[in-house]
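Colleague: Work out the full structure, taking the sequences as your base and the hints as a guide.
Number of protein chains: 2
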Amino acid sequence: MNFPSKLIENAVNEISKLPGIGKKTALRLALHLLKQKENFTEDLTAALTDLRKEVKYCQICHNISDTDICSICSSHRRDKSIICVVEDIPDVLAIENTAQYNGLYHVLGGVISPIQGIGPEDLKIEALIQRISETEGEKVTEVILALPATMEGDTTSFFITRKLKEFGIKVSTIARGIPIGGELEYTDEITLGRSILTRVNYSAD
Amino acid sequence: MNFPSKLIENAVNEISKLPGIGKKTALRLALHLLKQKENFTEDLTAALTDLRKEVKYCQICHNISDTDICSICSSHRRDKSIICVVEDIPDVLAIENTAQYNGLYHVLGGVISPIQGIGPEDLKIEALIQRISETEGEKVTEVILALPATMEGDTTSFFITRKLKEFGIKVSTIARGIPIGGELEYTDEITLGRSILTRVNYSAD
Numbered sequence: 001m002n003f004p005s006k007l008i009e010n011a012v013n014e015i016s017k018l019p020g021i022g023k024k025t026a027l028r029l030a031l032h033l034l035k036q037k038e039n040f041t042e043d044l045t046a047a048l049t050d051l052r053k054e055v056k057y058c059q060i061c062h063n064i065s066d067t068d069i070c071s072i073c074s075s076h077r078r079d080k081s082i083i084c085v086v087e088d089i090p091d092v093l094a095i096e097n098t099a100q101y102n103g104l105y106h107v108l109g110g111v112i113s114p115i116q117g118i119g120p121e122d123l124k125i126e127a128l129i130q131r132i133s134e135t136e137g138e139k140v141t142e143v144i145l146a147l148p149a150t151m152e153g154d155t156t157s158f159f160i161t162r163k164l165k166e167f168g169i170k171v172s173t174i175a176r177g178i179p180i181g182g183e184l185e186y187t188d189e190i191t192l193g194r195s196i197l198t199r200v201n202y203s204a205d
Numbered sequence: 001m002n003f004p005s006k007l008i009e010n011a012v013n014e015i016s017k018l019p020g021i022g023k024k025t026a027l028r029l030a031l032h033l034l035k036q037k038e039n040f041t042e043d044l045t046a047a048l049t050d051l052r053k054e055v056k057y058c059q060i061c062h063n064i065s066d067t068d069i070c071s072i073c074s075s076h077r078r079d080k081s082i083i084c085v086v087e088d089i090p091d092v093l094a095i096e097n098t099a100q101y102n103g104l105y106h107v108l109g110g111v112i113s114p115i116q117g118i119g120p121e122d123l124k125i126e127a128l129i130q131r132i133s134e135t136e137g138e139k140v141t142e143v144i145l146a147l148p149a150t151m152e153g154d155t156t157s158f159f160i161t162r163k164l165k166e167f168g169i170k171v172s173t174i175a176r177g178i179p180i181g182g183e184l185e186y187t188d189e190i191t192l193g194r195s196i197l198t199r200v201n202y203s204a205d
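Chains as they are written, first to last, in the UniProt record's numbering: chain A, 1 to 205; chain B, 1 to 205.
Please keep in mind that the hints were generated in silico from the structure rather than gathered at the bench.
Everything hinted at is true.
No copy is singled out in the list; a pair is fine if it fits within one copy or between any two copies.
DSS-like cross-link-like pairs, simulated, lysine-lysine; straight-line CA separation at most 25 Å:
hint: 1; residue 1: LYS17; residue 2: LYS35
hint: 2; residue 1: LYS124; residue 2: LYS6
hint: 3; residue 1: LYS35; residue 2: LYS23
hint: 4; residue 1: LYS53; residue 2: LYS17
hint: 5; residue 1: LYS35; residue 2: LYS56
Modeller: Structure follows, in structure tokens:
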């Protein structure tokens, strides 16, 4: 594209560096900013700058937080004996939205991926081990691995399970199977096969 | 969504005000910024701020420009007797990319839409009339209306054509029909019907 102005070309180039945004979408967004009042752009850029400069991470679970210890880790209502290990921040939001979990979290910040050059030392795995080995306060009795059902996720789950062996605590993983409302005939065979192998007891009481 | 941090909540709210971006995409973009180096966000916000604060529009055709008169309007190679009227800036880029047009442009900045409260006075229609009525320099002999094939676009074309009547210049509109490579059977009946009514002479010379 030949842009009529260096300013718009520069803005389009910067916006299109964001994931999932191409040049055409970037141009549409830039032109949208031009049609809005000037404080629209000011509010947007201020929010982004503040986020990037002042972001803090919880020193315990590594989730994003406004304080040194996040509201979940510092809450007296949460069960401190269970830690749910997730890949990233949106996973915490997703699990919190279910209102089915009352334990703590541990955000790894990614999963082990040799192709992308991400090793265990790039993730918060050592911090997790540290957290569990600390004997002060309430003891951790269970670790739930809620990592993606991909090769990288499975590798990470396997690695963490091995590391946790010496502590003799319960390690579980979230159930994989047919989604609620899902049709058997449209489910892929790996999921369906696994849902048969990992079948659970059923009672009509 | 309950965000773990006010900073991220604020950023997500601002990003999701952009067209076509929902809360989930906004969160993904915000987390992407956090994973990049700090100058990534700085470059992005600086480009947006510069664009919004320093943007200029060509005083003749109202396209975005770094100078008072844009490179198209000031070029000696362009045919100044033809003006192509378009809705907005991306349309100029699209027509320029075809390399089939060598005249000037006129960017209206929208089309007449009573539902959205956009009347002729909100667009650069008066400026177009002024431009054509000016007798200095090269005379305009043809106006090409390249507006969208919607009710709003047609209304705007109709309005402009009426206004141009007194000048006795040629007014044309871009051809509507089957796209190149398009199959007849998959074309909607309005387009197909119109392509028969507006058929053009064909010769095998």
